[in-house]
Structure formats: C-alpha cells, structure tokens
Amino acid sequence: MINIGSYDERIKNFSWEIAEKELEYKKGDIINIGWYCSDRICEMGKSEKIALYYEGFGDKEKSYTFNDIRLAGNTIGTFLRDQGIVAEDRVCLFMDRIPELYLSFLGVLKIGAIVQPLFSAFGDESLLVRLENAQTRAIITQRKHLSKIRKIIDRLPSLEYIIIVDHNPAKELKEKEIPFSLKNSTPVEEMEIYPTTAESPSVLHYTSGTTGQPKGVRHVHYSLISQYLTTKWVLDLQDDDIYWCTADPGWVTGTSYGIIGPWSLGITQCVLDSGFSAEAWYKFIEKYKITMWYSAPTAIRSLMKAGDEVIKRIDLKSLRHLASVGEPLNAEAVIWSEKVFGLPFLDTYWQTETGSMMITNYPGMKIKPGSMGKSFPGITGVVLDAKTYEPITEPGKVGLIAFKPGWPAMMTTYWNNEEKYKEKFVNGWYLAGDRAYLDTEGYFWFIGRDDDVINTGGHLVSPFEVESALLEHEAISESAVVAKPDEVNMEVVKAFITLKPGYEFDDDTELNIMNFIRKKLSPLAMPQEIEFMESLPKTRSGKIMRRILHAKEWGEEIGDTSTLEDD
Amino acid sequence: MKDLILNYVINEYQEDEDDEITYETPLISGGFVDSFSMVSLKVFLEKKFKINIPDDKATPEAFDSVNKIVDLVNGYTK
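Residue numbers (this note's numbering), protein chains in the order written: chain A, 808 to 1374; chain B, 878 to 955.
Honestly, the hints are just simulated from the structure, not real lab data.
These numbers were taken from a predicted model, which means no experiment stands behind them.
Among the hints, a few may not be true.
Distance condition first, Cα-Cα at most 16 Å in a straight line; then the derived EDC-like pairs of lysine to aspartate or glutamate [stated by the list, open to error]:
hint: 1; chain 1: B; residue 1: LYS925; chain 2: A; residue 2: ASP1314
hint: 2; chain 1: A; residue 1: LYS1112; chain 2: B; residue 2: ASP933
hint: 3; chain 1: B; residue 1: LYS925; chain 2: A; residue 2: ASP1315
hint: 4; chain 1: A; residue 1: LYS990; chain 2: A; residue 2: GLU1006
hint: 5; chain 1: A; residue 1: LYS1345; chain 2: A; residue 2: GLU1285
hint: 6; chain 1: B; residue 1: LYS925; chain 2: B; residue 2: ASP880
hint: 7; chain 1: B; residue 1: LYS924; chain 2: A; residue 2: ASP1314
hint: 8; chain 1: A; residue 1: LYS867; chain 2: B; residue 2: ASP896
hint: 9; chain 1: A; residue 1: LYS1211; chain 2: A; residue 2: ASP1192
hint: 10; chain 1: B; residue 1: LYS879; chain 2: B; residue 2: ASP948
hint: 11; chain 1: A; residue 1: LYS1326; chain 2: B; residue 2: ASP880
hint: 12; chain 1: A; residue 1: LYS1112; chain 2: B; residue 2: ASP932
hint: 13; chain 1: B; residue 1: LYS919; chain 2: A; residue 2: GLU1285
Bound-form chain A, shown alone (with noise of 0.2 Å):
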C-alpha cells in the first residue's frame, strides 16, 4: 500500500491540514522541528528505534536511537545555550557528515537559533563571504577544518564561538575556540525548547546567482509541514522502511529529507560519510538493507559508468523504491534503474528557495521517462510566457517554471536582501529560474535554466563568484565562466582567461590556477579546463559577452553580435 493513495484524488481533496492534522499542529501553536524530529517520536513510544547508522571512513560505525538524538540535541542545544547563543543567533554547521552535524541540526533549532549549513569541501572566501553575510555568531566544526576559519577569523567581528568537536588536547587552541565533545559531555534528560512558531526562521541555507554574492535562503520551521507530507507521499517512507539519502546536509536536500522528512516521520534513516565508489555504495545498501534510497542523477550515472557487473555480486533485494533530485534526470537513467533494480528512479523537481519538492512523479503513477512529472497536491505549477507572465496553455509550447506562492517550506527572505527576493516575483508568481514545456497530460518537461547559473552534480555554481576569485590570481588578468556539458554532472565550470603581461599559459599555470579556486571557493567551483585567450569577447562599451563563450561549448547560434566590440 502506497501512502499517497491515488494521486488524482489527492489532488481533488488537498489541504495542508492534512499535514497538520497528522503531526498534531493548529494555527498558533508552539512549532519547533527540532522538537517534532525528536522528542515527538519518542513521545509516540520509538525512543528505542534506531533514528541513525552512522558509517564514516576507517570502519567507523555507530548507531543512534531515536531517545538517543533526542538526548544529544539536547546536550548541544544547552550547551550552545550556556555559551549564551538564544533565539534567531545563527550557528554555522561546518563537518563532514559526521553523527554531530546531524545532532547538532537539531540542538540549534531546540533552542530557537537558526541552523546555517554550510558544505565543509567550501574554501576559505566560500566560507568568508557566507558567514559575513549571515552576521554568524558561532561555527561547530572539526578540527580538519579549523585552518580555513582560522585564515578568516579577523575579518569576522560577529563570530563569537568557534566550537570544535573533535579536538585533540594535545593541539593548542586559539581564541575563541571551545573545544566540545558529545560523548564526553553529561545527557542533558530534559530542557526547555524554544517556543517558536510558524514564522520563526530555522534553517539557512545559501544558494548562488548569477550575479552578486551568495543569497541566504531563510526558512521558518513551518516548513515541515510540507518536507513532511512530501517524504510520506513521494518518498513513500513508511515505519519499517531503512532510508538513505545520499545528499550532504551543507545543501537543501541534505536538511529538507537527510534530517527533516526522515526524522518527523520517525524513520530510521542510514548516513555513508565516504567518498564516492560504486561498489561501497552497493555494499552499504546491502548491509544496512536499504529499502528507499534517494539520490542524485551525477551519481547514478556515475553507478551507470561503473558497469552492471558489480551489482549481479551484491544483493540489492531491499530496495523497494528510488527517487533521484539536484537536476533533470535523463531518460536513460531511469530506464537502466529499471533494468538493473527493477525499479525506476523518480524525478523530483524543487530548489533550495522553495524548501520543499514541488514537481515530481509518484509511487502508483505513470513514469514517462525523462518527464520531471506533475505538481505535488496544493502546489500550483505553471510554465509562463517569458514576456507577458501569464501561463501557457498550449502543450509544447517552452516557458518559465513559477509556482503560486504560499506553500509551507517556501522562502520567507533572502537574508539581507529583501530587493533581491522581491525580484523573484512577477504577476503574483515565484519564478523558480527554469524553463520546461507541459505535455497534453500535464506533466512537465524540463528544457534548461532561464539564467548562466551552473548546475554542476546538482549543486549551483555562480559564474560570478568563480570570475571574482579568478582575478585574485596573480596572473589573471581577465576572466569568464560558463557552464561546459559534462556526461557525469550534467554541466561543470570552464573558465577563459587573459593573463597579465609577464605570465605565460603553460601547464604549470593552468593546474596552479585550478588548486586555487579549489581551496578558496570548492572543489565544486574549480574550473575543469581553462583556456587561455589573447582577449574575451566584449561588447563595445566593455562588458564581457559570455553568451558568445557559452554558445560555443555547447555547439549552439551565437546570435546577435552587434554590440560586439571587435566585430
């Protein structure tokens, strides 16, 4: 039995109430996430059901029940609380996916303060840019990490606590920096959590544009409204289900269903803090006998890449459903997911801005494979024109991906930038900043992003921030980036560079540039090739015209040169 039911009668009959019905909320109540993935569930009598298994590199393994995450966010929660972090304060989650990054997600929310995960791959001006902005009062981290913040610190007057979770005594500390240890710290059996309430923040998360900074994403902890229903009807997570969501909690899909959907539901989810290998994934799935895994389409086509052979040595009979997130998924990979699991993975279309999932198939419906899908119950979806905002009615016809606003998990702000959230509204729509078609059955196609954004393995890449550190390199005169088609992750960074007179473009050069974006932005950001240019394509009042570049790595019409300076 499938939770959703019937999807068409799900639709006739939506309401959000539903939702709230389930997890015991009305209007005005107390509504803390950290409380229901946790407290609640031990409250209906799972305190001993297993919440976590832990697997990290080196062997480690360590499994947490639901009482026991219920204890540890509560340690953390009052000892963040002692150091004198209150409500709305925001903490820095900076680890490897490592069991504190999990605990400590809901020691911050227990105490009202607001959660800020960030990826620990991040260089040091990644990190800089984004805890400057967000005012950071207090990072938890390890202590791998601690010489990226330790390069920062000076030029962050607001960051008060540096807390760092595996520290080893022998090391001396700074200051600023707490050192604290979740296994040697007393059980904190109860404590008081934070009355939030519907539109108290919760989570920030940060998200790339084309132009500017890094936005801060906030939500509000009524946002588990929908993380949760989502997780129960798409993800079909049901009491005995093992759940592993591949996603790192530094991005949306790592916090909505890596800690939030799982948790509220009660589900006993499985955690791999380990690089990547086809054969250590499948193994992982067979040990832990991983039922629903939700993954991404860079890593399917990566398992694609890695052969079938390995799979016929390993038993993958748990599994009973898959869905994949992070960017369209192509045709070919559901169809061979089919073929080697006897199981589709279904798209799941949402953007960290909208919280939750919003277009994506469904457990009972018909897959078309390569179709983002429909909707989800209460999600009003719609391609509009790109010049008159309405919605297009007419199958086939390509326009912009908006929602009607007023879904639970949607954005409230940009943190600091309320101009730039205003923009993302038009005609009393949110412009999600992709294009897609609609079928004659309604379901949606996707076609490309509606601006230069990168969309790397699924994670979003600013060409401007790329550009900005390229010419902090010393022999970097001149820089664009654009997004390259790449087989495995769908898209990835290229550069194109003029150098300062007195430096010439040998190998040296190149991979020098290359570790430089890697450690100051991430591994993400890093340019997969760069090319030397003897000057950029400019219009004539000077701006670069990356179009043209863009145009050129995907084989397409330059289009209008007009403005071209050299034409």
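Assemble chain B onto chain A, guided by the hints.
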C-alpha cells in the same frame, strides 16, 4: 614517481595534519579527494608525466590510492 605523487597529494589534499596519507590510503573512498578535485589530480599527472589519461580510465577506483595511481600512470608511460 611514487613519492612525487604522494607529496603532491599530501600538499594539495590533506586537510587534517593528524591524518596520515600513505601509498595505500584510500583517497577517493576515504574522502581525501572528491570526484571534482580528481580532475586537478588528473591534470597534474598528465602534465607532470606527459601522458594522456582517457576519461573512461580516470575512474574513482583507479585514483583510489597512490599505488593505484602509479599503476595507472605506468600504463601510459611505458
């Protein structure tokens, strides 16, 4: 060659000085080098040893330790 590669990996990818990276340390599955960073490691090998490693041979498995990388590079230098 082995030490040159090991030193490069340590200098470029080791974040925690308490970690020990040896010839056998799993680099990709151990989380020291992610799949995106593998590209810069491949570029390093190609430039340093003047070889061309085809994309379909530059797999996470082939890059998973210094010893495996040496085997890979040897396949193109001989």
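Here is how each hint holds up against the structure:
1. With a CA separation close to 9 Å, the supplied pair B:LYS925 and A:ASP1314 stays within the 16 Å bound.
2. Our distance criterion of 16 Å between C-alpha atoms is met by A:LYS1112 and B:ASP933, whose separation comes to about 9 Å.
3. Our distance criterion of 16 Å between C-alpha atoms is met by B:LYS925 and A:ASP1315, whose separation comes to about 9 Å.
4. As the CA atoms of A:LYS990 and A:GLU1006 are separated by approximately 34 Å, the hinted pair breaks the 16 Å bound.
5. With a CA separation close to 11 Å, the supplied pair A:LYS1345 and A:GLU1285 stays within the 16 Å bound.
6. For the hint pairing B:LYS925 with B:ASP880, the CA-to-CA distance comes to about 13 Å; that is within 16 Å, so the pair holds.
7. With a C-alpha separation of about 6 Å, the suggested pairing of B:LYS924 with A:ASP1314 holds against the 16 Å cut-off.
8. Of the supplied pair hints, the one linking A:LYS867 and B:ASP896 holds, its CA atoms being roughly 15 Å apart against a limit of 16 Å.
9. For the suggested pair A:LYS1211 and A:ASP1192, the alpha carbons sit about 15 Å apart, so the restraint of at most 16 Å is met.
10. For a cut-off of 16 Å, the pair hint linking B:LYS879 to B:ASP948 stands: about 10 Å separates their Cα positions.
11. The hinted pair formed by A:LYS1326 and B:ASP880 fails the criterion: a straight-line CA distance of about 23 Å is larger than 16 Å.
12. Between the alpha carbons of A:LYS1112 and B:ASP932 the distance comes to roughly 11 Å, so the proposed pair stays at or under 16 Å and holds.
13. This hinted pair does not check out: B:LYS919 and A:GLU1285 have alpha carbons roughly 26 Å apart, beyond 16 Å.
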